[in-house]
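K.L.:
Generate the whole structure from the sequences, applying the supplied hints.
In the working numbering, the protein residues as written are -7 to 333.
No wet-lab data here; the hints were simulated from the structure.
Incorrect hints may appear among the rest.
What the hints assert, rightly or not - Label pairs and their calculated CB-CB ranges: (1) Pro260 with Lys210: 17 to 27 Å; (2) Ser328 with Arg213: 32 to 42 Å; (3) Asn294 with Ala271: 21 to 31 Å; (4) Thr99 with Gly276: 39 to 49 Å; (5) Gly258 with Arg102: 36 to 46 Å; (6) Lys282 with Gln156: 35 to 45 Å; (7) Ile275 with Arg179: 14 to 24 Å; (8) Lys254 with Glu98: 42 to 52 Å; (9) Gly121 with Lys240: 38 to 48 Å; (10) Lys150 with Lys313: 19 to 29 Å; (11) Asn200 with Asp153: 19 to 29 Å; (12) Arg192 with Glu299: 28 to 38 Å; (13) Gly180 with Lys313: 18 to 28 Å.
Every residue, glycine too, gets a C-beta built ideally from N, C-alpha and C.
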Amino acid sequence: MNETHIITGGRYTGLDDISPSREGTIKPMNKRITTYQWPALVGLVVCSFIIAMHGSADTVSVSNQEPAIQFQGESLSPPCVQSLYGVCYSSINQGLDPIVNGTINETHVRDRLSVLGSGVRWIRTYSCGDYSEKIGEISHQMGIKVVAGAWIGKNLTKNEDQIQQLINLGRLGDADVLAVGNEALLRGDVTADQLKHYIRQVKTAVPNMTVTTVETLKNWRDNPELVDEIDAVYANIYPLYAGVRIDKEMKDLKQRYRVIQKVSKGKPVVISETGFPSAGETIGSAVPSKENADRYFREVSNWSNSEDIPVLYFKLYDDEKEGKGIFYHNGTLKLSFCPSR
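P.N.:
So, in C-alpha cells, the structure goes:
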C-alpha cells in the first residue's frame, strides 16, 4: 500500500490515521478523515515539517529577532557564503569559543567553521594564543587558507609574545599569511618604527612566508615606507564609517580600493575587512539594517567574484557589540536573500 509519510516528534508515521501495535510496528487504521479534521491535520503536517528541519521544537524561531543561543551551524554551506573569497573570524572576546583547561574546545571550533563549506578560500584571525593556533590547523584540514594575526597593542611584553607565537604558527605550517597587527597605527598603540621592527622580526624568522600588517587607507597613505617592509598590502575599508548611504557604498569602496592600489607600489592588495551591520547606530547617512546588510554583502560578493578582487568579509558571526556577522551567534544564517541550502 502506498503511503505519504511525515515526521512527528521523531517518530516515522503515515499520513493515514495510524496507531502503534503492541510489538512497536505501525498499522494503518481503517478510518476516513472528515472535513473537520483536515485543518488540524494540515497544521500538524506543517509543524512537524518545521520540527524535522530544525531537530526539535525548541530550536524553531518564531520572531524576526536572533534565535536563542544554541549553535545551529549548517553542515552544507549556503551558496552565497561559499562564493566568498574569505571571511574574518573573531569571537573569543565574546565567549563564543569555550576554553577548557587553557585550550580551545576543538569540536566547537569545527562546528563554528562548518558553515563555510568548500567554497570559501581564506579565513582571517586576529591574535595568537588560547585558540587561534587551532583555527589554522582546523582550517587547513578543511582546505581553507589562513591569514594568521598577531595582536599588537601598547603592552610591549605581550607584543613580543604575540610575535613569537605568530612565528611558531608560520614554522608549523598552520598559516599561509602572517599579519603583524591590526590597525595598530590607527589606534596609536605603536609607532611606525616599532611596527616595522616587528615585521622585520617575523620576516627574518620565517623568510619564505608572506608577511604583512593590516591598516586603514589613511595609514597606508601616510606611511609609504611601511609598504617597503611587507609583501602585500592588507587594508580595512569601510564606507560605513564615512557615513556613506547604502546605495553609494559600493562606489565608495571601489574608489578607496583604487587609491590603495596607487600607494601599494605594485604589491598585491587585499581588502582585509569590509562589512555592514544589520543593527546599531546610524553613522551619517549609513543606516544599519538587515536589508542594507543584505544588499552590501551581495554587492561586495558579486564585485569580488566578477573582478577577482580579494575581499575578507567582516565577519563570520555576530558579536555582542555589533551586528556585522553573516551568521547570528548560534549559526543561523542572517542573510534573507540567500537560501540555507
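K.L.:
Taking the earlier hints as the rules, which of them does this structure contradict?
P.N.:
Failing hints: none at all.
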